[in-house]
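A.B. asks: Letter by letter, the chains look like this.
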Amino acid sequence: MTWVDAVIQGLLLGGLYAQYAIGLSLMFGVMRIVNIAHGDLVILLALIGISVSAAFGLGPGFIMLLMIPLGALIGWGLQRGILNHLVGNDPLPSLIATFGLSLALQNLMLTIWQADTRSLDAGALAIQSIDLGGIHVGVLPLGIVAVAALLTWGLHVVLKTTRFGRALRASAADKDAATLSGIDTKIVYAKATAIAVAILGIAAVFQAARTTVSPADGGAQLIYAFEAVIIGGMGSIWGAFAGGLILGVAQVVGSRIDPGWGILAGHLVFLLVLAWRPQGIMSRR
Amino acid sequence: MSASPLLTARALCAGYGDFQALFSIDFDIQPGEVVALIGANGAGKSTLLKTFVGLVPIRDGSLTFCGLDVSKTPAHALVSRGLALVPEGRRLFRGMTAEDNLRVAADHAGQPAAGTRPWTLERLYDLFPILAERRAQAVEDLSGGQQQMVAIGRALMTQPKLLLCDEISLGLSPKVIAEIYDMLPVIRQAGTAIVLVEQDVSLASRSSDRVYCMLEGRITLSGRSSEVTRDEITQAYFGVKHDLG
Ligand SMILES: Nc1ncnc2c1ncn2[C@@H]1O[C@H](COP(=O)(O)OP(=O)(O)OP(=O)(O)O)[C@@H](O)[C@H]1O
Ligand SMILES: [Mg+2]
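Those protein sequence lines, which keep their order, are chains A and B.
Counted from 1, the first sequence has number 259 at position 259 by the working numbering; the numbering is strictly sequential.
Counted from 1, the second sequence has number 49 at position 49 by the working numbering; the numbering is strictly sequential.
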């Protein structure tokens, strides 16, 4: 029973990783941009949300409604202002630029919020749980997984069936050919990054409500998101979702074996998948 | 020549970085005309087509399309004005179905020329019935000929007034080449002008009204396909007296 519990708690933890991962997967799969600042953007949005909540006494639901458009705006600006100049076959320029951005954001956040740990008060939701035959399942973590699944499904449907989704997949497959079909790839890319960071706005609120955040936490979030994407298979949105859940399960099961092994177990599973199926578990190839 | 050419290039120069690939190109095409563009490997045929559609920046000279200066128009915006390129090597959207490849172009199409029937999926499937059968298949799983049909279809779905075809016969069997070339008169009947870049000089001449020959980034010959002689082509193609064989 403790193992069933560990797996379920792992899936619940993985819901948050899945939320980080789908945006990263979208950016990498489509634009070959490895956004090193991905984790710092989550933390930035979370800290802004916490401060706004404290200043105006707003609940997490309201904060989320604010953070989604703010994330979209930041994503759009980031793509139009910086990344669109660097997209190409070579992922290095955007990697260096987002690395610089990551450092800048961390310093900015340290200056504004100091190194304190903060969190968002989710009220009763934070401690509610339901009893599934002896296993306690937190309502908030369950909601996080459900939202992650919903976001993944929504993004999948958008990519598969809409005009924007086709333009995005076409731009990912062949930028010049997409241009020749009348697509303004710079606009398509800006929309994609806006979506990716808007999703981080959702993830940020959940992260702040479920655990704590401090300005230096971004690196770890990036690693988890990155591992989830690689486990799932680059460019596969459902893969990123599955990768997040697998990573969560590995961490919780690992920590049940030995409390110090949680994070390490996650990395080990990542390495095992890399050795066994380098293209990721859900990749077509 | 009639008073309103569809596309006109005057003293057009273009290149890649430090390398100049096109030197003072003069080129015209009328509405509904089929023009062949021939030349040896590396002559600059693909570069010229890419310059027409805005993928290679113009350094000097002028380019007008439908009477408007387009020398600074971004490539994606030219598409909705009616300029389409079937690129060398097809460049299909891998991982997407044949039909989605066509839909992408339809999504961003311009208005078809006044008085012409718009290209629709149905009309395209009438032209290439095999594509109707394979519509749900990923493009990379199609045969070379079928892929080329998707590439041409994708360009047609943008409702072009001018269709630029870069070596659409490359790597295909003679039977498939004939099938594809048989479709050109149908496309042309719809009022679309066509530029054909073609390695097979006699096929190019047979299929066109006029021919341009390029050598080392320059136009070395232009004339009516029925009137230029084999000797003239050989001279323009190689720059020296050779036999084409
Ligand atoms: N992307 C590029 N970067 C630099 N130089 C290029 C590029 N593409 C073509 N060139 C050069 O420009 C010149 C013209 O090339 P282009 O592809 O236009 O020739 P082509 O007539 O289409 O030849 P082919 O019949 O082999 O397709 C060549 O010298 C080629 O090496
Ligand atoms: Mg060529």
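Honestly, I wouldn't trust all of these hints.
So, partial list: chain B residues that the calculated Cβ filter (under 7 Å) puts toward chain A [to be verified]:
(1) Phe23
(2) Gln30
(3) Leu121
(4) Val228
Simulated coverage check for chain B against chain A, where a stretch passes if three residues somewhere in it have a Cβ under 8 Å from a Cβ of chain A [unchecked claim]:
(5) 90 to 96
(6) 103 to 111
(7) 158 to 171
Restricting the straight-line Cα-Cα distance to at most 25 Å, the calculated cross-link-like pairs of lysine-lysine (DSS-like) are [to be verified]:
(8) A/Lys191 <-> A/Lys175
(9) A/Lys160 <-> A/Lys191
(10) B/Lys175 <-> A/Lys186
(11) A/Lys175 <-> A/Lys160
(12) A/Lys186 <-> A/Lys175
(13) B/Lys175 <-> A/Lys175
By construction, these hints were calculated from the structure, which means they are not laboratory data.
In this text, a Cβ means the ideal position worked out from N, Cα and C, and glycines have one as well.
A.B. asks: Now, for every hint given, state plainly whether the structure supports it.
C.D. replies: Tested hints:
The beta carbon of B/Phe23 comes no nearer than 24 Å to any beta carbon in chain A, farther than 7 Å, and the hint placing it at the interface is violated. Restraint check, B/Gln30 versus chain A: the minimum CB separation of about 23 Å is more than 7 Å; hint violated. Interface restraint check for B/Leu121: the shortest CB-CB distance to chain A comes to about 14 Å, outside 7 Å, so the restraint is violated. Taking 7 Å as the C-beta cut-off, the interface hint given for B/Val228 is violated, the closest approach to chain A being about 31 Å.
For the region 90 to 96 of chain B, the proposed coverage by chain A is satisfied: 6 residues have a C-beta within less than 8 Å of a C-beta in that chain, meeting the threshold of three. Given as covered by chain A, the region 103 to 111 of chain B passes the check, having 7 residues with a CB less than 8 Å from a CB of that chain where 3 are the minimum. Counting residues of the region 158 to 171 of chain B whose beta-carbon sits less than 8 Å from any beta-carbon of chain A gives 1, not enough to reach three: the coverage restraint is violated. At most 25 Å may separate the alpha-carbon atoms for a hinted pair to count; A/Lys191 and A/Lys175 meet this at roughly 15 Å.
Between A/Lys160 and A/Lys191 the CA atoms are separated by roughly 16 Å; this keeps the pair inside 25 Å, and the hint holds. Pair hint B/Lys175 plus A/Lys186 does not hold up; C-alpha atoms about 41 Å apart against a cutoff of 25 Å. Proximity of A/Lys175 to A/Lys160 is assessed by CA-CA distance (about 18 Å); at most 25 Å being required, the pair is judged to hold. At roughly 10 Å between alpha-carbon atoms, A/Lys186 and A/Lys175 fall within 25 Å of each other, so this suggested pair holds.
Restraint check: the Cα-Cα separation between B/Lys175 and A/Lys175 comes to about 32 Å, which exceeds 25 Å; the hinted pair is violated.
The structure is inconsistent with the numbered hints 1, 2, 3, 4, 7, 10 and 13, although it conforms to all the rest.
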